[in-house]
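Those sequence lines, one after another, are chains A and B.
If you're matching positions, the first sequence starts at 1 in the working numbering and goes up one per residue.
If you're matching positions, the second sequence starts at 181 in the working numbering and goes up one per residue.
Be careful, since some hints might not be right.
List time: in silico PhoX-like cross-link candidates among lysine-lysine, alpha-carbon distance up to 25 angstroms [stated by the list, open to error]:
{"hint": "1", "chain 1": "A", "residue 1": "171", "chain 2": "B", "residue 2": "220"}
{"hint": "2", "chain 1": "B", "residue 1": "194", "chain 2": "A", "residue 2": "133"}
{"hint": "3", "chain 1": "A", "residue 1": "89", "chain 2": "A", "residue 2": "147"}
{"hint": "4", "chain 1": "B", "residue 1": "193", "chain 2": "A", "residue 2": "29"}
{"hint": "5", "chain 1": "A", "residue 1": "12", "chain 2": "A", "residue 2": "91"}
{"hint": "6", "chain 1": "B", "residue 1": "220", "chain 2": "A", "residue 2": "12"}
Just so you know, the hints here were simulated from the structure itself, not pulled from any lab data.
Just so it is clear, the structure is predicted and the values come from calculations on it, not from any experiment.
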Amino acid sequence: MLEEEVLIERLKDPLTREASYRALISTHKQRLYWHIRKIVMNHDDADDVLQNTFIKVFRHIDGFKGDSKLYSWMYRIATNESISFLNNKAKHSHMDLQTLQEQRVNNLKADVYFDGDEIQFKLQKAIISLPQKQQLVFNMKYFDDMKYEQMSEILDTSVGALKASYHHARKKIELYLLNN
Amino acid sequence: MEHPKKNILSTLKKSGPGFSHPEGYFDGLEDRFVEGLKNKEVQQSEESLIQGLEAIGKSHGFKVPDGYFAQDNLNIVVPRSHKVISLVSKNIKKWGGLSIAASLLLFIGLRFFTSDNAQMELTELSNTDIENWIDADLISFSSYDIAEAYNDVNLENEMYSDEEIDVYIDNIDIENILLEN
């Protein structure tokens, strides 16, 4: 916690902010990348969203109150940036979010940065069939093994609701995979 | 690879989502993102400069002393009672009247010049009126216009004799011609 406080102070100080910014990127780049990547699916888009996430973190660090951990706060920014990115894409393509996500999953078959087999492809199709919030909960719990308490901070949802959400998501996905 | 249908999620978890990224993607990411941030900041400062200039452009920057517009300081005598005249209605009256007069004149003029009697009525004009009209420069014909209009008349033979032209040239005052033209 002390380290985090020091890092935040250094980010606010013009003399140390660039070095601190680099340290912040080094520490969180991989986990945030994979979180974003599972939402937007495409590598190039994930790269753009990750960069925008760090820029937003840097610009709004003064507004970070310390109510949650810095990492949870960054995760929340990354989640919002990813969803905004998809919504904007859908808007520009004149389609709804669900149709856009289906299109993105179908594009995975031709994506050189998707190494999954048929069942992993079907799993992605099953995930996007869920409501948006359940998609997030499933990805964070199933792939990242994130604790409910941390998810609660990021998604601003109670632990109980998250547990129920994950349970429903898992059942729906199992059913989807059994039927397809 | 075949996955058992039962407890499929437990089996799949080990394989992960199946995504990959370009080799060495995470190497040097810090440099690229720091550079990106600097570019964004430059771009933003340029944008805010332009916005600032636009804001300055909209205000003239002049100031007046405090209370300048208070009535006591202006020294302008305002009539106690004044009639508010509507500029719109005044203009309508003024231009409306003129429009009606112009329409009437146009109507009469068209009737006058296009009727069958127009030629007859023109011949009734006195020579003095026509001379005044020409002197007032209300009509001007070039020598070419006149020659065109009277192309059936031999001007050389009928208007002036050679002697008359010689006399005219001998007596001509060049300075007067230059002044007149």
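Going down the list of hints, with the structure as the test:
no. : hint          : in the structure
1   : A:171 x B:220 : violated (44 angstroms)
2   : B:194 x A:133 : holds (23 angstroms)
3   : A:89 x A:147  : violated (31 angstroms)
4   : B:193 x A:29  : holds (22 angstroms)
5   : A:12 x A:91   : violated (36 angstroms)
6   : B:220 x A:12  : holds (18 angstroms)
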